[in-house]
Structure formats: C-alpha cells, structure tokens
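Take these sequences, add in the hints, and give me the full structure.
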Amino acid sequence: QQQVKQSPQSLIVQKGGISIINCAYENTAFDYFPWYQQFPGKGPALLIAIRPDVSEKKEGRFTISFNKSAKQFSLHIMDSQPGDSATYFCAAPSGNNNDMRFGAGTRLTVKP
Amino acid sequence: DTGVSQDPRHKITKRGQNVTFRCDPISEHNRLYWYRQTLGQGPEFLTYFQNEAQLEKSRLLSDRFSAERPKGSFSTLEIQRTEQGDSAMYLCAITRADTQYFGPGTRLTVL
Chain A
1 QQQVKQSPQS LIVQKGGISI INCAYENTAF DYFPWYQQFP GKGPALLIAI
51 RPDVSEKKEG RFTISFNKSA KQFSLHIMDS QPGDSATYFC AAPSGNNNDM
101 RFGAGTRLTV KP
Chain B
1 DTGVSQDPRH KITKRGQNVT FRCDPISEHN RLYWYRQTLG QGPEFLTYFQ
51 NEAQLEKSRL LSDRFSAERP KGSFSTLEIQ RTEQGDSAMY LCAITRADTQ
101 YFGPGTRLTV L
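Which chain is which? The protein sequence lines are A and B, in order.
Heads up: the first sequence begins at 1 in the numbering used here, then just goes up one per residue.
Heads up: the second sequence begins at 1 in the numbering used here, then just goes up one per residue.
Among the hints, erroneous ones may be present.
Subject to a maximum C-alpha distance of 20 Å in a straight line, what follows is the list of computed EDC-like cross-link-like pairs (lysine to aspartate or glutamate) [said to hold, decoys possible]:
#1 K42/A / D7/B
#2 K42/A / D86/B
#3 K57/A / D79/A
#4 K71/B / D24/B
#5 K42/A / D24/B
#6 K42/A / D1/B
#7 K57/A / D98/B
Simulated from the structure, these hints should not be mistaken for laboratory data.
The following block contains the structure:
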C-alpha cells in the first residue's frame, strides 16, 4: 500500500529554471515531511523538511510548500543547476516506530 | 557525513550463498533501521531496532533474512540462500531529532 504518491517520475529542466516535484499523502497522522536527495551509488540525504504547522519553508534555493487540507506537499528548486541532477524522494514517518514511507522518486535532470 | 558507515559497499554473490552486511553508526543512537531499495524505487522499510531489541519486521523480511544489533551499537543483516530477487541496495539509517540519516548503502548483486 503506497501511502506517499510522488509525481512526476522524471523531470527535465533547463539550467536556471524552476523544478517542481509533488507529493500526496493519505495518512493524516503524518506530522513530518522530509525530502531526500539521492545521487547514484549513494544513500538518500536529507535535503529539507517541514512540519504541518507551517505552509512553507525555504532553505536557499529549496522550498517546501505544504497544503494540509489537500494532503499535498511539494518541493521547488529555484535557479536549478546541473549539480541538482539527482533523484528526489518525498517521505513521511509512519507508525509507532517512525519508519519512513517513501515516494517512488523523481529523477531530475538539469540541462546546462 | 551522516555518521553512518556500511560495509561492504558492494557485494557480488552467487545464488544460494549467504551474505552479511554491517552498519556502524558513528555514535550511539537508540533507533536503527534497515531498508531495501531496488532500482527506480524508493527505499522500503525492512526492520527496526530500539537499542538491541528488534521491535518491528516488515513483511518484506522473509525467513531467509535475519538482523541483529547485539550491543545496541552496530547492526548486521544476513541473507541466507540468496536469490536473484534479493539484488538491491541495502540501506541502514539512524534517527536524530525525528529525521532519519542514511548510510551509503551496500549494493548486493546476486548472479
């Protein structure tokens, strides 16, 4: 059962453009929403995270927008750079043990 | 640096062999998780330790899989009688302030 649905599967953006990745969740008990960035051959690395008490969080070129009523959150990458080319995963902790439920991932390619 | 190391980074084995992976957090963390990631997918939860106690196992963890955390520090994941379907990246993670930090993973290829 997929509790976190992510789109698009892949995304191609020109250098300097805005990359937008969306995530929808089902479980209203989720209370923490991280985004992870993963390069080939590496483990996922925390990029930015948000709690549902705020609607937006910005860190440098990365912004999370959160819509609690729609049960959606999105990652915006401003001024996208070729070095941002990676796979991005949204996630949410689930259950008493806080194991992460991940989306299927978005492969971002930023063209120079 | 997430403070989690994994060994080996790559493992190639023949079907039917046993393999063991190790996860070493750099400092003591109560919670330790194992995940499996197949190509093109997000990580999937396998099992969880609170100190040395294994508190939860996913249905993905068949009886050929066993995990231990004998002293509440490092952890091992063993796969017996490997199958080609076990080929994946095996990730270890620890928790700090509600966030999970992942190690670099062990890439397993079963021939």
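Hints, verified against the model:
As the CA atoms of K42/A and D7/B are separated by approximately 13 Å, the hinted pair is consistent with the 20 Å bound. Between K42/A and D86/B the CA atoms are separated by roughly 19 Å; this keeps the pair inside 20 Å, and the hint holds. This hinted pair checks out: K57/A and D79/A have alpha carbons roughly 17 Å apart, not beyond 20 Å. This hinted pair checks out: K71/B and D24/B have alpha carbons roughly 12 Å apart, not beyond 20 Å.
For the suggested pair K42/A and D24/B, the alpha carbons sit about 16 Å apart, so the restraint of at most 20 Å is met. Between K42/A and D1/B the CA atoms are separated by roughly 12 Å; this keeps the pair inside 20 Å, and the hint holds. Only pairs whose Cα atoms come within 20 Å are accepted, and K57/A paired with D98/B is accepted, the gap being roughly 17 Å.
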